[in-house]
Every structure is written in structure tokens, then in C-alpha cells.
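Colleague: Sequence:
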Amino acid sequence: MSAPVFLTALAVTLVGCVKAELKCYDELGCLETGGAFFDEIRRPFILTPHDRDMIKVQYLLYTRDRPEATMLCWNSSLETVRDSPFNASRPTKFIVHGYLDTVYFGEWMTEMKNAYLKNADMNVFIVDWSGGNGPGYETAVVNARIAGAEIAFLVRKLEVAFGANASTMHIIGHSLGAHVAGYAGLNITRLGRITGVSEGMGMEEAVGHVDFYPNGGQIMPGCDLPNRWRSMIKGGFIKGLREILSCHHQRAVHYMLDSIENQNCVPLSFECPSYEAFTGSVQGLWRDGSACAPMGEQADV
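Read in order, the letters of the sequence shown are residues -20 to -1, 1 to 281 in mature numbering (1 follows the signal peptide of the UniProt record, and there is no 0).
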């Protein structure tokens, strides 16, 4: 029984002996591999993010006036940003993918962009950071810090170029993209809203002002194996593979998308200490509607 304790202590000791590094990234500032970022359980590794020109964050900007993508890059000049069709009088959305995802085969981002523009005249950025989001998961985790800082840097450029107000901006991140959104918020505390959509497979911690757990947050309807294989047949190899490997994780995207597309029919959620309590005899506590909140786009914090 003593061996596991010894090995754990040895691992923690060895990690503790690794010297934290400080690396600077031009306008983004400096990042330390230790400090608040290091966690013996959640992030037990000492890695520095890749250079900015390796991650190469790109932004595809869409508006109703300019439905075709206008591309801005991590190193776009202020003049290039100023020449974009961005309109500071409109609300702004940033859509951010997660681990191993990309705008080029993650069609959910295009669907979400289209839904937003159908509902209202706004600026919609699809953020692509596929230059840094894999294949090694621990590498993607540390690169998320740079991707978030890059978004914050673009927000500052928009403020200078157009007089934009960060409080009118909303970042929606799926999976590790939710962490990117969080790092953006760490650098721009004026952001209006951040929505994390299934922030990580198996992650159950409450991390927001309001946290939603549809169907308890674990097993999603429609994710049984026959339905996953049907997705492979109907939707093609890439879409089907995503459903087979991570259907429950991906289902959160569909819930968010549905709340944008169908704003007259929004799932109502109830504040509750656990899913078991919700499905038990205490349901009557919410009949007066005092502890209810709509889930998704219309969530009010």
C-alpha cells in the first residue's frame, strides 16, 4: 500500500523541482509556466506556449453587409483592422473552437454564425487557432493562453480603430475554446459576456456565474450507438467520427445553437443542488418561477 503513496510523492517532488519559465510575446506580454497556471492535478506540466507565428490565430469576420469572410490575422496592422467591415454600433460575437477542431471542418461554427446574422445585424468573428490546438492535448492547453491573449489584443485594436466597446462583445467557446475565451476575459475584464459550451469532456465543476447541466450534464439523448453510426452514414466521415467519439460533448453545441435559432422556445432551467434532487420530490419548489433561468443565448446573469 505504500508504493502508490511513494510514487505520488515522488512525482509531485519531481514536478516541483522543474523551474518555471517566463516567456514574453511582444504586445501580448509575458506568461509564466508556474504560478497560478500550474496545478498538480489539472495541469501537472511545465510547458511554454508556442510562438505567435506558429499558432497563427486567424479571425473570419462576417456581417450582414459583407456575408463573405473578411480575414484578419494575429499580426494584422491597425490600418488593416480599420479597413474591415466591422461596425462598432453593433454587438459583436466571437465563436471559438476547441481541441483538434478547426473552422474548416467544424461546420457548427458556420451554422452558429449564420444563426446569429439571421437574428440580428452584428459583427461575428469565427476564431481559428488550429495552428496551436493539437495534437498533444497538454500543448493545446498551454497554447490556449496565447489564443485568448490574441483575442484580447484584437479587441484592443477594435477599440482604438473604431471606438468599440468591449462590454458589447460576447465570446462563445466550445471545449478548450471555452478556456481560450476565459483567457481573453483575463486580459480584457471589460468583456460583456463569456459563454463556455461543454468546457471539457467530463468536466463537472461550476465555473461560471450560472452553470447549466442539461440531462444532468453526462448522458445526452440521441447519443446511443445506433444514432452515432447513422450520423456517419448521413453526415459523412468527419461529422460521423465526431459524433462517434464525442457525441455527448458535442451535443452542448447543438443546445446552444438551438437557443439562437429558436428564441421563442428556450429550455427553462432550475437552480438545484444536484440532478438527483431535480428529478426527485423537490421539483415543486420552483413552481413560482423564482429560481428559473433560460439556458443558452438568452441566459440572464
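Calculated from the structure, these hints are not laboratory results.
No experiment lies behind these values; they were computed from the predicted model shown.
Please note: incorrect hints may appear among the correct ones.
Unchecked claim - Computed list of lysine to any residue pairs in SDA-like fashion (alpha-carbon distance at most 25 Å, straight line):
| no. | residue 1 | residue 2 |
| --- | --- | --- |
| 1 | K36 | L2 |
| 2 | K98 | M275 |
| 3 | K36 | G111 |
| 4 | K3 | R46 |
| 5 | K36 | Y84 |
| 6 | K3 | T259 |
As the list claims (entries may be wrong) - Here are the simulated distance ranges between beta carbons:
| no. | residue 1 | residue 2 | range |
| --- | --- | --- | --- |
| 7 | G116 | P201 | 18 to 26 Å |
| 8 | L27 | T169 | 37 to 45 Å |
| 9 | F85 | A271 | 22 to 30 Å |
| 10 | G197 | Y117 | 32 to 40 Å |
| 11 | T119 | P201 | 30 to 38 Å |
| 12 | D31 | A271 | 42 to 50 Å |
Each residue gets a CB set at the ideal place from its N, CA and C atoms; glycine is no exception.
Colleague: If you check each hint against the structure, which ones fail?
Modeller: 4, 6, 7, 8, 9 and 10
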